[in-house]
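S.K.: Each chain is listed here by its residues.
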Amino acid sequence: MDSECLSLLPSVCEVLADSKLLPPDDTSLEKLLDWFKDLTSQDDGQSLLQHQPCLLQFLYSVMESEVVDPIIFSFSLKLAGLLAAEESGFCLLQEKGVLVSMFVPDGWHVLGLWKNASVRCGWLQGLWNMLQHPPAMDFFCRNGIITLVLNLQNDESLFITSLTNQILAHILNCSMPRVLGNDTDSTAEGQALVSSDWVSVTTEIMSHMSRSLASEDQAVILPGLRLLAIVLTQCGDPLKRLLWKHVLEPLEVLAIRKGDSLTPPMMAVLQAAARTPLYIQPECRVEALMNVMLYSRNTNESVLCAASILLLEKCVSIRLIGSAVISLLRICIGHYPSTILQVGNFPHLIGCCKIQRCGLDVLGSLTVYEESMDLIQEAFAIILQYMQSPDSHATVLKKAHQAALKWFSICSPSTDLWRFVSNDLFSVLKKHVCDGRWEVRDSTLEFIAQLTSALKGNSEYTEALHTNGMISVLFTALSDVEAYVQASAVAALGEALTTTNLPLCTSLQEEIVSHLLTVLAQDAESFPRRAALKVFTSWLKIPQTFAALDQSLSSVFSLGGNDCDWEVKIHTLELADVLMEKSLSHCPYAVQGYEPSERCTEQALNKLMDLGTLGLLFKCLFDCDRPVSQKACALLLKLRAFMKQTSHTDGNDLALEICRYNWGEEILHRYCSKRPEQSDCVSNDDEVSYEQIDIVKCDPCWPKEISLCKILDVLDLDEMQHTLSLSSDHVINSPRSLMEDILFVAHQSEDNVVDCY
Amino acid sequence: MKLYCLSGHPTLPCNVLKFKSTTIMLDCGLDTTSALYYLPLPLVHSPRLSKLPGWVSKDGTVNLEKELKECAGRVFVDSQPEFCLPERELLDLSTVDVILISNYHCMMALPYITEHTGFSGTVYATEPTFQIGRLLMEELVTFMERVPKAQSATCWKTKEIQRRMLPGPLKDAVDVWSWRTCYSMQEVNSALSRVQLVGYWQKVELFGAVQVTPLSSGYSLGSSNWIIQSHFEKVSYVSGSSLLTTHPQPMDQSSLKNSDVLILTGLTQIPTANPDGMLGEFCSNLAMTIRAGGNVLVPCYSSGVIYDLLECLYQFMDSANLGTTPFYFISPVANSSLEFSQIFAEWLCQNKQSKVYLPEPPFPHAELIQTNRLKHYTSIHGEFSSEFRQPCVVFTGHPSLRFGDVVHFLELWGKSSLNTIIFTEPDFSYLDALAPYQPLAMKCVYCPIDTRLNFHQVAKLLKEVQPLHVVCPEQYTQPPPAQSHRSDLMLELQPPPVAYRRCSVLGLPFRRRHERIQLLPELAKALVPSEIKPGISVATVSAVLQSKDNKHVLQPVPKPIPVPPSKKRKRLLEEVPELLTPKPLLSGAIPLDAFLASLHKSGVTEVKVEETAGGHILHLQAEDALIQLEEDATHIVCDTNEPLRATLRDLVLRFLHKL
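These protein sequence lines map, in sequence, to chains A and B.
Residues 1 to 757 in UniProt numbering are what the first sequence lists, from first letter to last.
Residues 1 to 659 in UniProt numbering are what the second sequence lists, from first letter to last.
Hints were generated in silico from the structure; no laboratory data involved.
Here the structure is a predicted model, which is why all the values come from computation and not from measurement.
Hints are supplied without guarantee of correctness; some may be wrong.
To be verified - Using 25 angstroms as the maximum straight-line C-alpha spacing, the simulated DMTMM-like pairs for lysine to aspartate or glutamate come out as follows:
(1) B:Lys443 / A:Asp391
(2) A:Lys354 / A:Glu378
(3) B:Lys443 / A:Glu463
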């Protein structure tokens, strides 16, 4: 593939360099750059430049052109940076004079290019691509480029200012070890030469930052603060310490400054600083600055400050936060917040859904902290209040469910807990399953499924679930008018029955399986049908399966395989996968005694055939939905591998009547294609048509049954798998396709250019 | 203007307004919560209730076994339930000119007023209020008469016994001597014969003094707020009102503007419960019970929220796959109630009115009846017992659980935890209502639905209409006792509202300043207006004021007829009063400098001018006199020097204009 692309590269370069031709769009150029990036990662820039002289030619053409398009110019800057990312490539380009021409704008032929934002952006991107090694840094420092970069910090384009800050932080991070004398590899002389330029650049950057922070102009301060936050987050500790000394004074002035929008970036800086060793150094006064910010601002800004401080995990007691959140939640539901905190009366918060949702989210998030264990009872109490409140919005209930799940995950089992579950929680859940709002019913059933899954193996919970009338409630919910709710009910019931270690009576099993089969056969919505299959799959996975399920598997495969919804078919294949695993895995310690593996395999295969599993696999293999076909192919490959492993390759005993099935035609078609000597209708390279297959089928010489092994052999599953694994745009998405597009567009006349939008 | 408060119940008001020589009673609500102190009246003989032990005092000295029974740990009165009437001794109710009724829940005490107090006036109400009120009264009487009690109970009311010996809550019952048993059907008919029907916006003149107008209040069918106004004053009476879009016509708010006084009653009794949320609770609990095979009992009034409940269930039951569950509505007036709701189309909201033109019944319970999903019966006896099937939903009265068919259902279904009783009416404490039935296995759900205005809505309303003064029950001026921290559940107004309780007499902080008087044409022609300011002219008039039927007319003074001399002694009555020439009116302002100049010209030179809040005081030093000049008066003070006084007076008059 790459050789084909590389053969097109000279034409592409020529087209790009020709200012008379239409340039390609930005997306194409970005994709081209991505390709170059891949190339340079495999092979360094120097060898690429040497093998593809068209690239250098292209860069020259662009540099010397008087009428270059800004998009192409920007592209060339980025490309040059990529090619110079390795030292060898860099040296070559420098030797050819490309780098100075490109990255020192004073020398550009086309005046006014710098005014174009995409050019400035390309210049910065190219620079950043290039600054990956000391020679590039030398180049940068020696050519006075820093001044331009610093000016771009106040560019009108936010993208450019952000990129500038990233580069400045990168420069500082790269240069500081040398500046501070940490690099022991350099020679003394070389280090002195490098250090003076580098020292000068780093000093200039730090001075610039101090000046920015001390400015009166907010537009100048803001980028300075942003750069400082990046440096504090990304750079090494020595640099942070050095920089902090420079900026502390202006930061102290900014901290007491009021009435502007610098609070968020200031807090970002202080947050970043608090996560470094600077926080514990008293002379750095990080905490003092936070205090000043917190108490000197108006209400809105103080809230921002407080939020930022709370994000620092070391700062505040989790117990205190938890109590505050629980108090707030109590206020929002109209209850008196009797907690350790002194709070007033805030009637305007009552019923405020947004705050309730946020509060419940926070309550759930607290479970990651060990200290939150003290709050378990209060947390469950407030969650229950929200669940019981008739005024709780459906979205708030959903959040309450999520919070409850998190708290359950950290609870240790206790009698009080199960009493709470049995007496309080299940009562309200049963009521919610009958709620008039489908969202409430749906999220309640989802919650029950998730809770049951989370507490799997817990016998007290399972007992409570099965003795509290919840099962019958779930059963009734299977008939809900809303498809989503039905699906959730199916999942919840499935989960409930999977977790039980109580013996279910046969009639109940049959009833449940029958109901799910009815859903699978008759429900007009796909959600419940998908859910039914998932439940069958999860049931089949458990060691002690239901007899009722075993008896219904062939119906399940038939219904699922013929479903119009591709996801239902996928789930059916997953069920088949589980069945195959169970059936084909051998147990050497079988109580019945050891049986020859071949006979076991044969019995298992016969079982699979009788249940319609094999037919399902073949049918799905030729499905028009790629994921279905892909899954079926994977399962057949698995089956083939198994048969090879157990040396069951000549299993002539297991034959499939291909003429009975629609998919049989396809197999026969391929069978015929591989056996031309047996057919009159095939000659030389003629393909076999389906009309001819019909003729073949009537021909008594042709087999009506073909053995499984032969079918697997005929199908060429590996090729099918490879083809199926390609994405639908694998042709279109190739670099070759991209280059062809570029060449095509360039040679189009104006008349033929159609904007499809 | 005075307001006599005969009831302290905030949603069952009874107030009397004295305004401009009229005496107007505003509603006459009947407080039936006193029935909770009584034992239930079972339709079917109840062995349990008939074998309850009588109450005897701890020391054995007082034996009231026949009057009081112990049941489920409490003491109940074993007699016909009694109701708490409005106060009838506070003023002479025979002086009440008219009674204005807001809604059918607030007229249940009408027979007590009209039949026993000498009232001889007229009662005004809208037609639905009248008809449905009549149904509710009939129902109440039927409930009582169906289960008559032989004896009455009065000994327990003796103060020493009630306060000192009886246990709570009976001990704490108040105004027990004002309690009365239910009226008779004859009294109901007689009371209702005094009703005159009115429509919304219909103006009714009361003796020419004031005009009363009912406006839609949005709470129930035909419910009204009232405007009572004269030419210059306006009083608004707001009773049960609602801004929710249920079945009645929406509330008319704009007409309440520019009120001098706004009397506010009938706010929601459960301000923390959102009606929509309660409706959802109702439906989900109902569905949960029916799905589990249990029955649902809904104690309710025969009109009002029941229509909304049936409409809600009509949609909900199908979506919950419970479409085959039967509903039963059992009341002596069930059929009439359902039918009346369909015929008062012009009193319904726009949506429902439009249906009538289709034509379709405005309420879906017609379809429920047609499809046999809703059946109504006059009582549990008769067809019901043979036709009813379970599980089912039963709507029946009375919400107090002390009388009506609900008593039987509680006895029948109370022992099974599969069944549920759902309380939707906020008038009664559900725990007190259930007390005589304990222990109860039946589940109890309390989801009261009260669509009346809450504090948030009323605050917005008052901000919109801006009355000068607000009068309200004292309960609205503080948070509910159970939620003392909720400062949003009360009225906070500037100026603060005037609060009342039972037996309060309020002199409303409002003084009438104007009255309309007519001039006869010949008198008007004789007037000579004189302009004292641009756009303002004044004329004096001498006339005879005739006031009749609250209309005031100025007539010319009759000329005296000369009487021939006679030796007989003249009777005083024959003498015609002498027409005196009226004193001239003065108007204008006295310019200080000019006046000082004129004083100076007249030889008064030593004048000290002192500025005051209202004008000036001129001290005439030499003459030992002073002149006080104010905006609307001038005083000349000089002791015993009459000539000086006259001179100074003449000087002042020079600057004034005589009318």
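S.K.: Take the hints in turn and mark each one as holding or not.
M.R.: Okay, the hints, checked on the actual structure:
1. B:Lys443 / A:Asp391: Answer holds: B:Lys443 to A:Asp391 is near 21 angstroms, not above 25 angstroms.
2. A:Lys354 / A:Glu378: holds (21 angstroms)
3. B:Lys443 / A:Glu463: holds (24 angstroms)
Comparing the model with each earlier hint shows no violations; every hint is respected.
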